[in-house]
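Chains as they are written, first to last, in my numbering: chain V, 498 to 609; chain A, 29 to 139.
In case anyone wonders, no lab produced these hints; they're calculated from the structure.
We treat Cβ as the ideally placed atom computed from N, Cα and C, and that holds for glycine.
Hints may contain errors.
Listed next, with one range per pair, are the computed distances between beta-carbon atoms [as the list claims (entries may be wrong)]:
1) A/Ala57 with V/Thr514: 22 to 32 Å
2) A/Ala38 with V/Thr514: 47 to 57 Å
3) V/Ser577 with A/Lys70: 41 to 51 Å
4) A/Ala38 with V/Gly513: 14 to 24 Å
5) V/Thr568 with A/Ala57: 42 to 52 Å
6) A/Ser98 with V/Ser562: 15 to 25 Å
7) A/Lys70 with V/Thr523: 12 to 22 Å
8) V/Thr523 with A/Ser87: 39 to 49 Å
9) A/Glu138 with V/Asp570: 38 to 48 Å
10) A/Pro110 with V/Thr514: 36 to 46 Å
Calculated lysine-lysine pairs in the DSS-like style (CA-CA distance at most 27 Å, straight line) [as the list claims (entries may be wrong)]:
11) A/Lys136 with V/Lys567
12) V/Lys567 with V/Lys550
13) V/Lys567 with A/Lys126
14) A/Lys136 with V/Lys554
15) A/Lys136 with V/Lys550
16) A/Lys136 with A/Lys29
17) A/Lys70 with A/Lys126
18) A/Lys96 with V/Lys550
19) A/Lys126 with A/Lys96
20) A/Lys29 with V/Lys508
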Amino acid sequence: DAGITQSPRHKVTETGTPVTLRCHQTENHRYMYWYRQDPGHGLRLIHYSYGVKDTDKGEVSDGYSVSRSKTEDFLLTLESATSSQTSVYFCAALGGNTDTQYFGPGTRLTVL
Amino acid sequence: KQEVTQIPAALSVPEGENLVLNCSFTDSAIYNLQWFRQDPGKGLTSLLLIQSSQREQTSGRLNASLDKSSGRSTLYIAASQPGDSATYLCAFTGGGNKLTFGTGTQLKVEL
Numbered sequence: 498d499a500g501i502t503q504s505p506r507h508k509v510t511e512t513g514t515p516v517t518l519r520c521h522q523t524e525n526h527r528y529m530y531w532y533r534q535d536p537g538h539g540l541r542l543i544h545y546s547y548g549v550k551d552t553d554k555g556e557v558s559d560g561y562s563v564s565r566s567k568t569e570d571f572l573l574t575l576e577s578a579t580s581s582q583t584s585v586y587f588c589a590a591l592g593g594n595t596d597t598q599y600f601g602p603g604t605r606l607t608v609l
Numbered sequence: 029k030q031e032v033t034q035i036p037a038a039l040s041v042p043e044g045e046n047l048v049l050n051c052s053f054t055d056s057a058i059y060n061l062q063w064f065r066q067d068p069g070k071g072l073t074s075l076l077l078i079q080s081s082q083r084e085q086t087s088g089r090l091n092a093s094l095d096k097s098s099g100r101s102t103l104y105i106a107a108s109q110p111g112d113s114a115t116y117l118c119a120f121t122g123g124g125n126k127l128t129f130g131t132g133t134q135l136k137v138e139l
């Protein structure tokens, strides 16, 4: 897993509340990614980062924001959670010498 | 936009059988291709990575091939075992080192 952890691992929240998910890596990877996984849609890219304070949108970025103030942490924020954001969220980092993406264990988010 | 299709969506085979998982894509302008394994409730584990200039990669009982001209990749699993039961996903890396995933093939290997 290249030292990638996610917190929390499970969260239940209510519609309209803000939620922040954290991804932490220990391998000094430059590129980091947030995906969501839903039945019938596979994994879809939400946002990614190519360095500290450098981020860009992915395929399904509406309703999400990210921040990366230091190399090891990449935060995903749902400003006002909706039921359509119920999903499993995965963080990943790109291995510098291998082009392989390493994934965290996932966060299961339920928005009621 | 890159479209990635995996067929079949689900597959059940007896132990010991050799099997092939298929992945097709619409845009040949890829940087590389990866095959991942995902166990229930877990994250993804990279199995094989093929650079766009390569045709195949092998790791143990796994062999992955890439044919950009036909827009296809295959994952061959030899002598399947119950421990191979998982969902297998292919993904293509495009611009910005972004991955585009297929929806996966759920494999069950039965005793």
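Evaluated hints:
Checked against the given bound of 22 to 32 Å, the beta carbons of A/Ala57 and V/Thr514, roughly 41 Å apart, lie outside it. A hinted range of 47 to 57 Å is violated for the C-beta pair A/Ala38 and V/Thr514, which are about 36 Å apart. Distance hint check for V/Ser577 and A/Lys70: the Cβ-Cβ separation is about 30 Å, which falls outside the suggested range of 41 to 51 Å. Under the hint 14 to 24 Å, the C-beta atoms of A/Ala38 and V/Gly513, about 37 Å apart, miss the expected range.
As the Cβ distance of V/Thr568 to A/Ala57 is approximately 30 Å, the hint placing it in 42 to 52 Å is violated. A hinted range of 15 to 25 Å for the beta carbons of A/Ser98 and V/Ser562 is inconsistent with their spacing of about 40 Å. The hinted range of 12 to 22 Å is satisfied by A/Lys70 and V/Thr523, whose Cβ atoms lie roughly 19 Å apart. A beta carbon spacing of about 25 Å between V/Thr523 and A/Ser87 contradicts the range 39 to 49 Å that was offered as a hint.
Distance hint for A/Glu138 and V/Asp570: a CB-CB separation of about 43 Å, consistent with the stated range 38 to 48 Å. The beta-carbon spacing between A/Pro110 and V/Thr514, approximately 42 Å, falls within the hinted interval of 36 to 46 Å. At most 27 Å may separate the alpha-carbon atoms for a hinted pair to count; A/Lys136 and V/Lys567 exceed this at roughly 41 Å. With a C-alpha separation of about 8 Å, the suggested pairing of V/Lys567 with V/Lys550 holds against the 27 Å cut-off.
Straight-line distance between C-alpha atoms of V/Lys567 and A/Lys126 comes to about 21 Å, which keeps the hinted pair within the 27 Å bound. Restraint check for A/Lys136 and V/Lys554: not satisfied, since their Cα atoms lie roughly 36 Å apart, outside the 27 Å limit. Restraint check for A/Lys136 and V/Lys550: not satisfied, since their Cα atoms lie roughly 43 Å apart, outside the 27 Å limit. About 31 Å separates the Cα atoms of A/Lys136 and A/Lys29, which puts this hinted pair outside 27 Å; it is violated.
With a CA separation close to 21 Å, the supplied pair A/Lys70 and A/Lys126 stays within the 27 Å bound. A hinted pair counts as satisfied when its Cα atoms are at most 27 Å apart, and A/Lys96 with V/Lys550 does not qualify at roughly 35 Å. For the proposed pair A/Lys126 and A/Lys96, the alpha carbon gap of about 18 Å is at most 27 Å, so the pair holds. With a C-alpha separation of about 33 Å, the suggested pair A/Lys29 and V/Lys508 falls outside the 27 Å cut-off, and the hint is violated.
Hints 1, 2, 3, 4, 5, 6, 8, 11, 14, 15, 16, 18, 20, counting from the list given before, are not met by this structure.
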